[in-house]
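Start from the sequences, fold in the hints, and give me the full structure.
Mind the numbering: the sequence shown is residues 1 to 510 in the working numbering, read in order.
Since the hints were derived computationally from the structure, they do not count as laboratory data.
Computed beta-carbon distance windows for the label pairs:
1) LEU185 <-> GLN216: 33 to 41 Å
2) THR287 <-> LYS388: 23 to 31 Å
3) PHE96 <-> PRO217: 42 to 50 Å
All C-beta atoms in this analysis are idealised placements derived from N, C-alpha and C, irrespective of residue type, glycine included.
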Amino acid sequence: MKKMDQNPQDELKSSLLKLRSFLIPGDDENKVMYLHAIVALAGSLSAFFILEAGEMSLGVIEHTFLILIEKTCVIVVVAYIISRTSFFRGILQKNFTIKNQILMIAAFGAVSIFGTYSGLNIMGAIANVRDLAPMIAGLVGGPWIGLGVGLIGGVHRYFLGGFTAVPCALATILAGVFGGLIYVLNKGKFIGILGAVIFAALMESFHMLLNLLIAQPYSAALTIVQELSGPMILANSVGMLVFAFIISNLINEQKTKQERDQYLDELERHKYELKVAQKIQKSFLPTDIPSLENLDLAAVNLPAKDSGGDFYDFIPLSEDKMAMAIADVSDRKVPASLLMALSRTIVRGKSMENPEAAELAKYLNRLITEDGKAEVSLKMFYGILDIKNKEMNFINAGHSPPLVFKNKTRDIINLEKDKVSLGEVKNLKIEEHHLQMEKDDILVFHTDGINSVVNSEGEHYKTEYISKILKENNQLSAEELIGRLEESIFSFFGGSALEDDISLIVLKMN
Numbered sequence: 001m002k003k004m005d006q007n008p009q010d011e012l013k014s015s016l017l018k019l020r021s022f023l024i025p026g027d028d029e030n031k032v033m034y035l036h037a038i039v040a041l042a043g044s045l046s047a048f049f050i051l052e053a054g055e056m057s058l059g060v061i062e063h064t065f066l067i068l069i070e071k072t073c074v075i076v077v078v079a080y081i082i083s084r085t086s087f088f089r090g091i092l093q094k095n096f097t098i099k100n101q102i103l104m105i106a107a108f109g110a111v112s113i114f115g116t117y118s119g120l121n122i123m124g125a126i127a128n129v130r131d132l133a134p135m136i137a138g139l140v141g142g143p144w145i146g147l148g149v150g151l152i153g154g155v156h157r158y159f160l161g162g163f164t165a166v167p168c169a170l171a172t173i174l175a176g177v178f179g180g181l182i183y184v185l186n187k188g189k190f191i192g193i194l195g196a197v198i199f200a201a202l203m204e205s206f207h208m209l210l211n212l213l214i215a216q217p218y219s220a221a222l223t224i225v226q227e228l229s230g231p232m233i234l235a236n237s238v239g240m241l242v243f244a245f246i247i248s249n250l251i252n253e254q255k256t257k258q259e260r261d262q263y264l265d266e267l268e269r270h271k272y273e274l275k276v277a278q279k280i281q282k283s284f285l286p287t288d289i290p291s292l293e294n295l296d297l298a299a300v301n302l303p304a305k306d307s308g309g310d311f312y313d314f315i316p317l318s319e320d321k322m323a324m325a326i327a328d329v330s331d332r333k334v335p336a337s338l339l340m341a342l343s344r345t346i347v348r349g350k351s352m353e354n355p356e357a358a359e360l361a362k363y364l365n366r367l368i369t370e371d372g373k374a375e376v377s378l379k380m381f382y383g384i385l386d387i388k389n390k391e392m393n394f395i396n397a398g399h400s401p402p403l404v405f406k407n408k409t410r411d412i413i414n415l416e417k418d419k420v421s422l423g424e425v426k427n428l429k430i431e432e433h434h435l436q437m438e439k440d441d442i443l444v445f446h447t448d449g450i451n452s453v454v455n456s457e458g459e460h461y462k463t464e465y466i467s468k469i470l471k472e473n474n475q476l477s478a479e480e481l482i483g484r485l486e487e488s489i490f491s492f493f494g495g496s497a498l499e500d501d502i503s504l505i506v507l508k509m510n
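Set out below in structure tokens:
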């Protein structure tokens, strides 16, 4: 289907926005594109002024500077191409294989030679940007690579001859060595754009000083330095500025890639741990609900998108007695599912000894608090149900209070709750409570994950909704009530994954 015709004014606005987004750098890629445009413009203007030099009567210094800038632009473009190669990236990543080092030395050695050939012969000396390549090689690859590139450029310059051959060759070799020493002193890190530019300016100043100290005759050397020092220092500094920017961009690019890869690895590891944790949690939840006379019982765990720490268990103690627990593990260091499994194992094992509810809670609390660094708490309801006498003795250590529907009065009551969870204090004082029930009374237990259920309007799920379901559907079986509660939660939530897992138990006295 064809798009409807746009308003010409809207089309113009859209075009201007696209042009603005292209011209204004918003990320590293755009910055590099912007830089290439500047380099190309500088090279073009230099070439133009060189061609027009005769008519414009430029001085020697200005003319030399323009030529060097033009050649610097060419070198920067070539160096940028080299910087995209695998061996250069390998050197940046400290992967100093023999192959990478040889290719690096050969490539930048060739650039150094080009810096000499593309120079301008003035009074037997060559105005050039030869030192740029060994300086860069040393700053990026260390002393051996810097020395290798410096030797290639320096030896080549020496055999070209001239009264400045020795100091110029020596300066080129030392440019690579000094760059490498800076690399070592900075512990293999690139010194940054400003540091690189300052180094380039100082190195070319040192180059001029060597000419004054070594080249003969001194008067000719002095004239050369007066004519060439400004253009060479400035041209090499500009070249270093551009290439240092490229290197910094590459380093940031690699850092971003490493962070991305690390994040993806962490994400995969986290996903794997979640799968394992969910399997652990699921394997420790009871698959079979005990079938006891005069008791209707149902339970469900609604998993979250991340593994949770809920567990529940039913432990038959005799024909008419059953221990039950529902708990939520909260931890800050150890995966909740593993602590859930450990706590559930301890509760089941200790329950078989048929202790009082408060005694079991104190025992479990001692185990959790033995290691003061565990930083874990356990919200737990634990009760011993006497089915024959329809009564329950229980403790509630910080757990969400269960709801009790009293069939005779049709009232909903909340069972007592102690504020302190297991694991929070060493010497736990917890009170044991008693509940007397009658036929058709219903208990609903839920973990605190139900409090994290929020609808699209930002409203939290309330226990009043559970109370309403109990009053309107008390004639249903425990299994049917569980279904109604699930339906109510997901209908309210409207999402696909819960933030926290929810465990529900419905217990109905027959």
